[in-house]
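Novice: The residues making up each chain are set out below.
2 protein chains.
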Amino acid sequence: MDILFHATGANPEAWLSAFQQAIPGASIRVWQEGDTAPADYALVWKPPAAMLRGRTDLKAIFNLGAGVDAILQLGDALPPGVPVIRLDDAGMGIQMAEFVAHAVLRYFRRLDAYALQNTDQLWRFLKPFDKQSFSIGVLGLGVLGQRIIEALRQFDFPLNGWSRTPKDLPGVHCYSGQDGLDGFLRASRVLVAILPLTPETEDILNCENLAKLPRGAYVINVARGAHLVEADLLALIQQQHIAGATLDVFREEPLPPVHPFWQEPRISITPHISALTLRDDSARQIAAKIQMLQAGLAISGLVDQHRGY
Amino acid sequence: MDILFHATGANPEAWLSAFQQAIPGASIRVWQEGDTAPADYALVWKPPAAMLRGRTDLKAIFNLGAGVDAILQLGDALPPGVPVIRLDDAGMGIQMAEFVAHAVLRYFRRLDAYALQNTDQLWRFLKPFDKQSFSIGVLGLGVLGQRIIEALRQFDFPLNGWSRTPKDLPGVHCYSGQDGLDGFLRASRVLVAILPLTPETEDILNCENLAKLPRGAYVINVARGAHLVEADLLALIQQQHIAGATLDVFREEPLPPVHPFWQEPRISITPHISALTLRDDSARQIAAKIQMLQAGLAISGLVDQHRGY
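Read top to bottom, the protein sequences are chains A and B.
Numbering-wise (the working numbering), the first sequence opens with residue 1 and increments by one.
Numbering-wise (the working numbering), the second sequence opens with residue 1 and increments by one.
Because the hints were derived from the structure by calculation, they are not lab data.
Small disclaimer: the values here were computed from a predicted structure and weren't measured.
There's no promise every hint is true.
Some residues of chain B that are not near chain A, with every Cβ distance over 10 Å (derived) [as the list claims (entries may be wrong)]:
| # | residue |
| --- | --- |
| 1 | 2 |
| 2 | 8 |
| 3 | 16 |
| 4 | 49 |
| 5 | 75 |
| 6 | 78 |
| 7 | 105 |
| 8 | 151 |
| 9 | 155 |
| 10 | 177 |
| 11 | 241 |
| 12 | 243 |
| 13 | 254 |
| 14 | 257 |
| 15 | 270 |
| 16 | 306 |
Derived pair list, reagent style DSSO-like, types lysine-lysine, alpha-carbon separation capped at 30 Å [as the list claims (entries may be wrong)]:
| # | chain 1 | residue 1 | chain 2 | residue 2 |
| --- | --- | --- | --- | --- |
| 17 | A | 59 | A | 46 |
| 18 | B | 167 | B | 131 |
| 19 | A | 131 | A | 212 |
| 20 | B | 127 | A | 46 |
| 21 | A | 46 | B | 212 |
| 22 | B | 127 | B | 212 |
| 23 | B | 59 | B | 46 |
| 24 | A | 127 | A | 59 |
| 25 | B | 131 | B | 46 |
| 26 | B | 46 | A | 131 |
| 27 | A | 167 | A | 131 |
| 28 | A | 127 | B | 46 |
Glycine is no exception: its CB is placed at the ideal position from the N, C-alpha and C atoms.
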C-alpha cells in the first residue's frame, strides 16, 4: 500500500513515524512537487493543489483535522469521485471542551474583571451574574459542539444549540436553519462558534447577527477566522453591546501585529491552539479507517463535498 | 418559635426576609448586645461571643456557611451541649467546582501564559502540558471537595484526593492521614485546598509541604487563608518551584494593600468569592432542618466540635 503525505506547518518526520507505526505494512512518502507515482491514500493538511490534481488513483484523501475548508477550497483540483475523510474527534473534542469551559467560566464568574482588579491591587466584590440569564449558545452541533455542551452541562448553564438541520439534544434548546438563527442569537448570552466553514457560514458572525445577541454578550470563536467579520465585532465591543470575546482563530494567521484586536483588552487572543490535532490518536484513527476501507466497510467522517463538511 | 440572627458583613434585612419566608411561623430577630430573651435557634455567621455565651436555651446553632472555624474559635463561649450545624452544599459546591475548574484549565492549557503574550502582542505557540503528568490533588474530600472532583473528572485529569480519614472515591487515588500526605503532595501537579480549618490543618500549606509538590506545581486555595503560610508560598514561587497560585482566601481579608502578593503576577487574587452563601438556598435548607429537629429526626451537617468540622 502506498501513501502520500503532506501537512503544511507540521513536522513531517514525526507524522511519518506515527503513521508508519500505526500502518506497519504501508510505504509512506512525503509528497514532492512532480511526484505522480501511484498511491492508494493521501494524508493531508492544507495540501497544495498540484499534489491532488488528477489523482484518481487514490482510494481516499484523509484530512488531518476536523475542518475541511482548506481542502475543499481546492475546488476542481480535487480528483472527482475520491472520497475526502475528515478526522473524527481524535482528542480534539476534549480540548475544545476545556478551552470553551475555561472561557465561559471566566466570563460567568467575572474572572476577567477580577484579573483587572488584581493588577490594580483592588479588593472589591463584584455582583455575580445570574446563571439563569447566562445562557450559552453553541453554534454548530457536530461532534465538537456536542462535546462542548457536555462539559457545560455539568455546571448547569442554560444551553442553546443551533445546527443547519434540526437536532434534538437532551437539556438543550435546539434551533436550526436560517429561520432558527434569530431566536437562537437573541436567547444566547454567550455565543460559542464551532461551525464548519462553508460558503453559507462564512461571515455568519457579522454586525447584523452579533447585534441580535443580548447586550453584554460574549463571543467565543473556536471555529474558523472567516466566520467572523472582525471589524463588526470590534465596533460592537466598542459600543459595549458585546462585553468581551475569546478568539482562537482569525482571518489572517498569525494575527498581524498591526491588527486592532491586539489593542482591545476585552478581546482574548490565542494562536489557534484551542484543539491541536493529536498525532498518535489521529494516526491510529486513520489506520483503522484504512483497514475498514480495504475490507469494504463503511467509515465515519466522509465529507459531503456539496454541503461543505 | 424564637430565632436569633447575626451575620457579620451581611445585610440583615435581606436574610431576615429570606428566613421569614422559609420559616413562616417563626419570630426572627437580629441579636442586639444585651439581648438575653429566650430563643430556640440561632442563625449566625462569625457571631460575637456575647451572643452565644450561656445560651443553653438554644436547641441548635446554625452556621451560615460550610466552614465553622470562626464559630468554633469562640471556645468556651459556645454553650455546652448545643449542637452546631454547618450548611451542607447549599449551592456552594457548584460554585467551587466552577472556580476551581477555571483555574485548573487556565493552568493546564497555559492560558495564563497566553494572556501575557496577548498583552505583549505576541503570537507564539507554547508547548502543551501532558495531561497524564498533570495530576490534580484535592486536599479535603468533603461535599465541596467531591463536587470539585466531579467537575474535573470529565476533563480526564488524573485525580488524587487526601482526607483525614480514609475515603474511597471511584477514579481517584485516595490518600489519608498524616502518613498519606507526603505521597499525595509528591503526586500532585496542582494542589487544590478545600479543607476545613482546624488546629491540625492550620499552616498545612507551609514550606515543608509545598516543597514536596513537583517542580512547576500550581496551588489553588479556596479553603481558608490560615491554611497557607503566605511567605513560604511567595518564596517557593520566587524560587520557581511553584509556577503559580490562585488564592481566594487570605490570612487577613481584605488583603492589605501593602501585601507582597499584589506585586507577584504569578498569584491570582480574588476577594473571597469562590463560593458565596446563597441566601434563599441556605434559608430553605435551614428551615427544613429546623422542621426535622422539631420532629425529632436526625439532620446532616452536625459539627463534631472536638474534630473541628
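Novice: Looking at the structure, which of the earlier hints fail to hold?
Specialist: The structure breaks hints 7, 8, 9, 13, 14, 15, 21, 24, 25; every other hint is satisfied.
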